[in-house]
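Asker: Here's the letter readout for the chains.
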Amino acid sequence: MTLSNNIPAIEVRDLVKRYPKSKANAVDGVTFEVQRGEIFGLLGPNGAGKTTTIGVLTTNVIPTSGSGASMGVDVTHDPIDVKQRIAVVPQQSNLDRSLKVREILTFHAAYHSVGRKEREARADQLLGELGLGERKNEKVNRYSGGMAQRLMIARALMHSPDVLFLDEPTNNLDPQSRLFLWDRIRELNQQGLTILLTTHDMEEADKLCARIAIMDLGKILVNNTSSELKKMIPGGNALELRVSTSNSAQLEESLERLPGVSKVEQVTKQPEDEPDIVIYRLYAESAASLVGAAAQAVLTSGGEVRDLHLKQASLEEVFIYLTGRHLR
Amino acid sequence: MTQPRSRFSLAATAFLAMLRRDLTVTGREFVSFLLQALMQPLFFLFIFGKVLPGIGLAAGAFVAVMLPGIVGLTSLVASMQGVTLPLVLDLGFAREIDDRLLAPLPIGLVAMEKVLFAAMRGIIAGSVIFPLAWWILGDRYAVRDDRIGILIGMIVLTSCVGASFGLVMGTVIKPEQISLMFTLIFTPLLFTGCTYYPWGALDHIRWFQIATLFNPLTYAAEGLRYAMVPAIGGRSIPTLGITWILLALGVSVIGSLILGSRTFRARVVT
Numbered sequence: 001m002t003l004s005n006n007i008p009a010i011e012v013r014d015l016v017k018r019y020p021k022s023k024a025n026a027v028d029g030v031t032f033e034v035q036r037g038e039i040f041g042l043l044g045p046n047g048a049g050k051t052t053t054i055g056v057l058t059t060n061v062i063p064t065s066g067s068g069a070s071m072g073v074d075v076t077h078d079p080i081d082v083k084q085r086i087a088v089v090p091q092q093s094n095l096d097r098s099l100k101v102r103e104i105l106t107f108h109a110a111y112h113s114v115g116r117k118e119r120e121a122r123a124d125q126l127l128g129e130l131g132l133g134e135r136k137n138e139k140v141n142r143y144s145g146g147m148a149q150r151l152m153i154a155r156a157l158m159h160s161p162d163v164l165f166l167d168e169p170t171n172n173l174d175p176q177s178r179l180f181l182w183d184r185i186r187e188l189n190q191q192g193l194t195i196l197l198t199t200h201d202m203e204e205a206d207k208l209c210a211r212i213a214i215m216d217l218g219k220i221l222v223n224n225t226s227s228e229l230k231k232m233i234p235g236g237n238a239l240e241l242r243v244s245t246s247n248s249a250q251l252e253e254s255l256e257r258l259p260g261v262s263k264v265e266q267v268t269k270q271p272e273d274e275p276d277i278v279i280y281r282l283y284a285e286s287a288a289s290l291v292g293a294a295a296q297a298v299l300t301s302g303g304e305v306r307d308l309h310l311k312q313a314s315l316e317e318v319f320i321y322l323t324g325r326h327l328r
Numbered sequence: 329m330t331q332p333r334s335r336f337s338l339a340a341t342a343f344l345a346m347l348r349r350d351l352t353v354t355g356r357e358f359v360s361f362l363l364q365a366l367m368q369p370l371f372f373l374f375i376f377g378k379v380l381p382g383i384g385l386a387a388g389a390f391v392a393v394m395l396p397g398i399v400g401l402t403s404l405v406a407s408m409q410g411v412t413l414p415l416v417l418d419l420g421f422a423r424e425i426d427d428r429l430l431a432p433l434p435i436g437l438v439a440m441e442k443v444l445f446a447a448m449r450g451i452i453a454g455s456v457i458f459p460l461a462w463w464i465l466g467d468r469y470a471v472r473d474d475r476i477g478i479l480i481g482m483i484v485l486t487s488c489v490g491a492s493f494g495l496v497m498g499t500v501i502k503p504e505q506i507s508l509m510f511t512l513i514f515t516p517l518l519f520t521g522c523t524y525y526p527w528g529a530l531d532h533i534r535w536f537q538i539a540t541l542f543n544p545l546t547y548a549a550e551g552l553r554y555a556m557v558p559a560i561g562g563r564s565i566p567t568l569g570i571t572w573i574l575l576a577l578g579v580s581v582i583g584s585l586i587l588g589s590r591t592f593r594a595r596v597v598t
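Quick note, the sequences are listed as chains A and B, same order. For the first sequence, our numbering gives the first residue as 1, with consecutive numbering after it. For the second sequence, our numbering gives the first residue as 329, with consecutive numbering after it.
By construction, these hints were calculated from the structure, which means they are not laboratory data. Check before you lean on any hint, since a few could be wrong.
No more than 30 angstroms apart at the CA atoms, straight line, and that leaves these computed lysine-lysine pairs for DSSO-like [as the list claims (entries may be wrong)]:
#1 A/Lys-23 - B/Lys-502
#2 A/Lys-219 - A/Lys-23
#3 A/Lys-219 - A/Lys-207
#4 A/Lys-263 - A/Lys-231
#5 A/Lys-117 - A/Lys-100
#6 A/Lys-139 - A/Lys-100
#7 A/Lys-21 - B/Lys-502
#8 A/Lys-100 - B/Lys-502
#9 A/Lys-230 - A/Lys-311
#10 B/Lys-502 - A/Lys-139
#11 A/Lys-311 - A/Lys-207
#12 A/Lys-231 - A/Lys-219
Let the hints inform the model, and build the full structure from the sequences given.
Answerer: As structure tokens, this is what we get:
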């Protein structure tokens with residue numbers, strides 16, 4: 001399959017999906033692109049429209065309006081071609097329980113016209129890589145949640161897709177399985193696979209995704225890199241100083257005069273056992289560039305820096321800031 | 329993908345792989361499949377073909393009229409069950425079919441594969457009745473041998489009716505309605521399908537005779553009677569006209585396939 005390299009792996013334009021008998025749009029005018037070789041995260045609370053968006057891109061949801069394309073192929077016009085290029089790992093196991101583990105992989109590949117020798121070799125290789133080699137002749141009903149998840153990833157890779165859709169891949173997994181999967185996802189991406197994952201696990205999105213779109217109520221609220229998103233919270237980027245000083249009023253004044261500082265905040269009350277310790281938070285466009293000047297200002301005022309660190313908003317704070325605290 | 333392949337070749341390969349998958353799975357549980365399909369006919373043949381005539385409660389000729397009905401019912405039910413139950417569970421919650429829906433072939437072919445395989449199950453189940461009947465009925469086993477072509481055609485057609493009707497059922501029924509399905513669909517199907525009596529004998533209950541014409545099993549049983557019941561004194565048993573039978577069964581298959589493909593699509597693509 002030859003495709004020119006500048007076509008994005010995934011392209012979504014003004015996508016709207018309203019389910020029959022529903023009063024609101026499940027997806028309400030979503031537009032985004034995922035470049036080839038990228039890991040892109042769709043973040044959002046339950047019911048935000050993430051799974052519906054994936055459903056459109058994986059051909060089992062028909063858009064009400066707008067369009068979606070994988071590797072330049074429109075999902076509504078040519079779903080069969082799209083299916084050759086994509087693979088899906090759903091939220092819940094849909095593994096074929098009538099088959100043995102290895103057969104699940106070989107039959108999947110056979111559905112995709114992978115030849116016998118090739119599919120058998122690939123099945124053994126993937127089962128080994130995903131730590132399932134020893135239990136390949138069992139049926140899946142004896143598998144744990146983590147093993148089933150790994151098997152679904154192995155299955156998805158059997159026909160060498162260009163784009164992999166992972167719908168909440170590590171939901172309900174134990175920490176070991178989660179870390180293992182994160183490593184595998186990164187490896188796959190390094191081998192050139194484009195990955196779109198949905199999650200509401202901030203840590204997962206932060207660790208894996210090159211770019212993140214936060215979705216709520218069917219709309220994309222923001223779409224950027226994790227570090228850019230963290231700058232969205234007012235004062236999200238700050239330098240925190242823990243200072244021993246006898247003249248806090250004067251020090252605060254000189255900190256405020258430092259170039260680039262937008263605001264200085266005295267954070268906590270002085271602890272009783274250390275009456276001369278004060279904590280300041282300096283907000284600025286680039287808090288890191290204040291380190292030298294702030295330390296100098298403390299020394300000049302006769303104080304002493306006890307601790308100094310950059311404070312960045314977590315992705316979770318950004319998420320809550322954008323989508324609100326109420327339960328869904 | 330090592331080389332570009334035509335759409336047709338991709339779809340055909342996927343379709344055959346799905347058939348192979350179903351063969352593998354059924355092959356592994358072949359004994360339980362046979363038990364499931366044959367338990368009921370076994371007892372029917374024993375009670376109506378051996379016990380009742382033995383104690384003088386049924387005429388000897390009755391079993392010759394009933395045997396085609398049993399073949400028809402077995403084929404129809406086996407093929408119907410082969411698609412309905414798995415589909416209800418699959419579409420309801422298991423979603424094991426998703427992997428096949430993501431294969432590079434038109435979605436309708438996934439449904440057709442299910443129908444084709446279920447029909448094969450129906451053909452096998454119906455065919456196995458013959459040695460079973462021969463073994464249980466002994467001297468009373470009587471099947472004419474000059475209409476074998478029609479007999480084979482009838483078993484195939486009956487199984488296709490069952491499988492395509494099963495597709496409609498499987499895509500319409502929700503998992504929580506399965507037990508209701510047995511009461512509301514299987515029971516009337518069983519008793520209004522002219523399985524245990526020839527259609528012509530119903531003319532003294534005219535309304536019921538007309539009602540049975542809405543059951544495809546009636547045509548299956550009558551067609552099998554036409555193909556199987558030996559002529560007595562040079563005269564064949566009167567049945568519904570074979571042309572009408574083939575027409576009714578053909579219409580049932582095509583109608584169910586069209587409706588079933590639509591309901592299937594509605595369930596898997598939203």
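Asker: Checking each numbered hint in turn, tell me which of them this model violates, lowest number first.
Answerer: The structure breaks none of the hints.
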